[in-house]
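**Q** Line order of the protein sequences matches chains A and B. Quick note on my numbering: the first sequence kicks off at 50 and runs consecutively. Quick note on my numbering: the second sequence kicks off at 9 and runs consecutively.
Hints are supplied without guarantee of correctness; some may be wrong.
What the hints assert, rightly or not - DSS-like cross-link-like pairs, simulated, lysine-lysine; straight-line CA separation at most 30 Å:
{"no.": "1", "chain 1": "B", "residue 1": "119", "chain 2": "A", "residue 2": "145"}
{"no.": "2", "chain 1": "B", "residue 1": "36", "chain 2": "B", "residue 2": "119"}
{"no.": "3", "chain 1": "A", "residue 1": "116", "chain 2": "A", "residue 2": "145"}
{"no.": "4", "chain 1": "B", "residue 1": "28", "chain 2": "A", "residue 2": "116"}
{"no.": "5", "chain 1": "B", "residue 1": "119", "chain 2": "A", "residue 2": "79"}
{"no.": "6", "chain 1": "A", "residue 1": "88", "chain 2": "A", "residue 2": "145"}
{"no.": "7", "chain 1": "B", "residue 1": "28", "chain 2": "B", "residue 2": "119"}
{"no.": "8", "chain 1": "A", "residue 1": "79", "chain 2": "A", "residue 2": "145"}
{"no.": "9", "chain 1": "A", "residue 1": "116", "chain 2": "A", "residue 2": "79"}
{"no.": "10", "chain 1": "A", "residue 1": "79", "chain 2": "B", "residue 2": "36"}
{"no.": "11", "chain 1": "A", "residue 1": "116", "chain 2": "B", "residue 2": "119"}
{"no.": "12", "chain 1": "A", "residue 1": "116", "chain 2": "A", "residue 2": "88"}
As the list claims (entries may be wrong) - Covered by chain A, according to a simulated footprint, are these stretches of chain B (three or more residues, beta-carbon under 8 Å):
{"no.": "13", "segment": "37-46"}
{"no.": "14", "segment": "71-85"}
Said to hold, decoys possible - Label-pair distances were calculated between CB atoms; the ranges are:
{"no.": "15", "chain 1": "A", "residue 1": "151", "chain 2": "B", "residue 2": "47", "range": "25 to 35 Å"}
{"no.": "16", "chain 1": "B", "residue 1": "24", "chain 2": "A", "residue 2": "101", "range": "37 to 47 Å"}
{"no.": "17", "chain 1": "B", "residue 1": "100", "chain 2": "A", "residue 2": "144", "range": "23 to 33 Å"}
{"no.": "18", "chain 1": "B", "residue 1": "99", "chain 2": "A", "residue 2": "122", "range": "32 to 42 Å"}
{"no.": "19", "chain 1": "B", "residue 1": "116", "chain 2": "A", "residue 2": "142", "range": "47 to 57 Å"}
{"no.": "20", "chain 1": "B", "residue 1": "100", "chain 2": "A", "residue 2": "89", "range": "35 to 45 Å"}
{"no.": "21", "chain 1": "B", "residue 1": "139", "chain 2": "A", "residue 2": "145", "range": "16 to 26 Å"}
{"no.": "22", "chain 1": "A", "residue 1": "145", "chain 2": "B", "residue 2": "76", "range": "53 to 63 Å"}
{"no.": "23", "chain 1": "B", "residue 1": "149", "chain 2": "A", "residue 2": "157", "range": "14 to 24 Å"}
{"no.": "24", "chain 1": "A", "residue 1": "142", "chain 2": "B", "residue 2": "102", "range": "40 to 50 Å"}
{"no.": "25", "chain 1": "A", "residue 1": "148", "chain 2": "B", "residue 2": "111", "range": "23 to 33 Å"}
{"no.": "26", "chain 1": "A", "residue 1": "154", "chain 2": "B", "residue 2": "95", "range": "40 to 50 Å"}
It is worth saying that the hints were derived from the structure and are not from the lab. Beta carbons: idealized from backbone N, C-alpha and C, even for Gly.
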Amino acid sequence: MQISARHSDRTTIFDVTGDIDLANSPEIRKALLREVREKRTPRVVMNLSNVRYIDSSGVASLVEGLKASRDLNLRFILFGLSPSAREVLQLSRLLKIFEVYDNEDQALSS
Amino acid sequence: MRQRDTTGVSLPSNDGFLLKLELLSDPKLLFVVRGALERLTEVFGFSPPDRRSVTRAVDEALTNIMRHCYDGRTDQPIELCCSRVPPRTPEQANGLEILLCDQGPAIDPAKLRGRRLDEIKPGGLGLHFIRQSMDTVEYRRVGTINQFRLVKYLQPSTQSQTP
């Protein structure tokens, strides 16, 4: 798994590549919470277009990012969900809780 | 994901045994096991959503073993054994049974229920994913071994795809 960040116009986009599972979800969590709690970036966007699989620990990291953002009145957005990623969010009844878009253009124009 | 051509791939017809993996409790190996399960479920004849379900359930069960049974230690043994099992009723199709064994301390069955989903909070989702994904989820203690048994049955309409 690789994660990199792009910064523009009060927005940070995290580009994630690879599977998110127990081996690397702490890295995702750390990056997200730093961006939200320490930097207080107004809009944090997760590009999951190249993430084929997310396990429950990955979902937990995304939920932590969402909750931290809500606590600070910031926005937390996901886009590019694979079928598997969409399924786990549906199974955990979180798909409607997150702000989800199909692609980056939609996410940034929202 | 690219579809593989499994035409002509046939599973052995013996006592049902298909695959056995022995691995250490290192999260870096989850990726490897997922790869094996994705291929096995494909050859077994599951639909793409059911392949993802079975792979997800096994991945989450292994994650639970690594986190809770072995408390994060990465050098402990886990055994995964996959077999074909007969249908439970004449109307059903064959199933894929996955037995996961570890040597961690015994588990309180009360902790295997999973949490309610009406609260938005991180954690506790793994068991829910497993129960949602599989037809049978059982735990038993056999001597000093924790044994998790997961079974997923083929949908009757996909039975013909099974070699």
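**Q** Between residue 79 of chain A and residue 145 of chain A, is the straight-line Cα distance small enough, at 30 Å or below?
**A** Judged against 30 Å, a Cα distance of about 24 Å means the pair holds.
**Q** Does the alpha-carbon distance linking residue 119 of chain B and residue 79 of chain A stay inside the 30 Å limit?
**A** Holds: residue 119 of chain B and residue 79 of chain A sit about 28 Å apart, inside 30 Å.
**Q** Could you grab the alpha-carbon distance between residue 116 of chain A and residue 145 of chain A and see if it respects the 30 Å cut-off?
**A** 14 Å, holds
**Q** Would you say the segment 71-85 of chain B counts as covered by chain A, given the rule of at least 3 residues with C-beta under 8 Å?
**A** holds (count 3)
**Q** Do three or more residues from the segment 37-46 of chain B put their C-beta atoms closer than 8 Å to C-beta atoms of chain A?
**A** holds (count 3)
**Q** Residue 148 of chain A and residue 111 of chain B, beta-carbon distance inside 23 to 33 Å?
**A** 44 Å, violated
**Q** Are the Cα positions of residue 88 of chain A and residue 145 of chain A separated by 30 Å at most?
**A** Holds. Residue 88 of chain A to residue 145 of chain A sits at ~26 Å (cutoff 30 Å).
**Q** Has the given pair, residue 36 of chain B with residue 119 of chain B, been kept, meaning a C-alpha gap of at most 30 Å?
**A** 26 Å, holds
**Q** Range hint 25 to 35 Å: satisfied by the CB atoms of residue 151 of chain A and residue 47 of chain B?
**A** Holds: the Cβ-Cβ distance is about 29 Å, inside 25 to 35 Å.
**Q** Does the Cβ-Cβ separation between residue 24 of chain B and residue 101 of chain A fall within 37 to 47 Å?
**A** Since the Cβ atoms of residue 24 of chain B and residue 101 of chain A sit about 30 Å apart, the hinted range of 37 to 47 Å is violated.
**Q** Compare the distance between the alpha carbons of residue 28 of chain B and residue 116 of chain A with 30 Å, and conclude whether the hinted pair is satisfied.
**A** 41 Å, violated
**Q** For the pair supplied as a hint, residue 116 of chain A and residue 88 of chain A, is the alpha-carbon distance within the 30 Å limit?
**A** Holds, at roughly 15 Å.
Violated hints, listed in ascending order, are 4, 16, 18, 19, 20, 22, 23, 24 and 25; each of the other numbered hints is respected by the structure.
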